[in-house]
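Same order as they appear, the protein sequences are chains A and B. Take the first sequence: its position 264, counted from the start at 1, is 264 in our numbering, and no numbers get skipped. Take the second sequence: its position 32, counted from the start at 1, is 32 in our numbering, and no numbers get skipped.
Hints are computed from structural coordinates only; laboratory data are not their basis. Warning: the hint list may mix true and false statements.
[Said to hold, decoys possible] Per label pair, the in silico range of CB-to-CB distance:
id	chain 1	residue 1	chain 2	residue 2	range
1	A	T276	B	E10	46 to 54 Å
2	B	V40	A	E59	30 to 38 Å
3	A	K50	B	A41	47 to 55 Å
Don't be surprised by glycine CBs; every beta carbon is placed ideally from N, CA and C.
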Amino acid sequence: MSDTPVKDKQGQYRRVAYYPGCALEGTGHAYNSSTKAVGKALGLELDEVKNWNCCGAMEVKNIDPKVQTYLSSRVMSIAANEMRADVVMAPCNGCYHNLKKAEHDLAHDQTSRDVVDRISRKAGHATYQPGQVETIHALDWIKHGLGEDGLKKRIRSSLKGLKVANYYGCMYTRPRHIFPEKDRGPGSESTSQPHFMDDLLEAAGAQNVEFPLKTACCGGAHTLSDSDTSTKLVLNILRAAEAAGADVIATECPTCHAGLEMHQVRAEKVLGEKTTVKMLYFTQLLGVALGLSPRKVGVHENVSDGLDLLRSKGLT
Amino acid sequence: MTSLAQIESELDRFAPQAESAAAAQRLVVLAEEVLQHWIVARGGSPTSETREGFRLLALHRQGAGGVPSFNACRESCREIAYHYNLIAAEPDSPLAPQRQRMMALLTKHLLLFVSGKMQVEGLGEFCCASRPLRIESQ
């Protein structure tokens, strides 16, 4: 599947099985609504995976990685065997990462296959076979499903004048071996210097700033156990974005986004360190560029108030 | 070896300097020392080898041995090396102060990441209040 030429992916990605994951029903609600709204505006269709479950996230993975593999495989099994889908799109980095990891484990580890088969039989559904579906991120979906040229044609309100730091977080590209389609030369995503979000927002008119912390750790994994370290890591990311001249940090993961927003507030309260850079999901920025109202893409739901920024740039 | 607290303090006080090449060199040394703390705390002996011309990258590779999640700071190390190269190639560029600033922020990020990892692994002394708990658990 990873060898599919980019041009052929336009057809494949036009209609995909959509796996929003738990975060997009909670803190990442605006990411969910903006992803759906942008898809509709671009003519890209989403069929939500029926009766989907948690991907296993960090919690299950830490207790029993094989159970996490099963949970992710069940989502892919429903998509493949009940919905007859070829492609599953997961906009959350955590879900995307876990489905890719499950795919890799099932393709390379007999024990994982045995465990998944045993639990799947007990649960009464078809066992997922590696290769039945291709898991992609929302960035792949728009980048390959439509492309920059197609996006440019649909822009109604250019993001011109908006300086953006694109923040991908750490799970979108790591570990490299579970993303065999990346680092394949022109047209593919890079694990060391990801650029799909940069490409899409540039096509929408934004000015991307040089942001060397685009894949840096935000401390999301120990937000609860060691909040101070998380706050300092986030503060450093925010400061770097401001030093790079960014008005806004574009995000593509609900966990990263929530972490940046919450720790921006905490940094000011606990450390007395104020930063003013805003955070918006890349789908919110694309939505505004496509002529959708900020409310339609959930800007009012963000903790970081991006509405004033959009107004100041003439984008509302 | 400079303590992590001293390195953090120096990074917090950092301001771009006219001698950009010397400032960049100092920041690379600080980043190397951060990684040395991690390696020493895990019972290793920091390598003096280089990788792609940087001891920093060799130290990162050594530090990541057996700890795949340590690769989450790989790009920070590579960005430090990249910015060092930019400054070394154009020390008098008008962009040199900005590049120094970014190097300092990257080094700070590396320090915070490594400090966090050391806390999670129970390595080093970070908080006197936690010491009794650690001693009790040993």
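Verification of the hints:
In this structure, A:T276 and B:E10 break the distance hint of 46 to 54 Å, their C-beta atoms being roughly 26 Å apart. Roughly 32 Å separates the CB atoms of B:V40 and A:E59, a value that falls within the hinted 30 to 38 Å. Range check, A:K50 to B:A41: Cβ separation about 49 Å, and the 47 to 55 Å hint holds.
Of the numbered hints stated above, the single one contradicted by the structure is hint 1.
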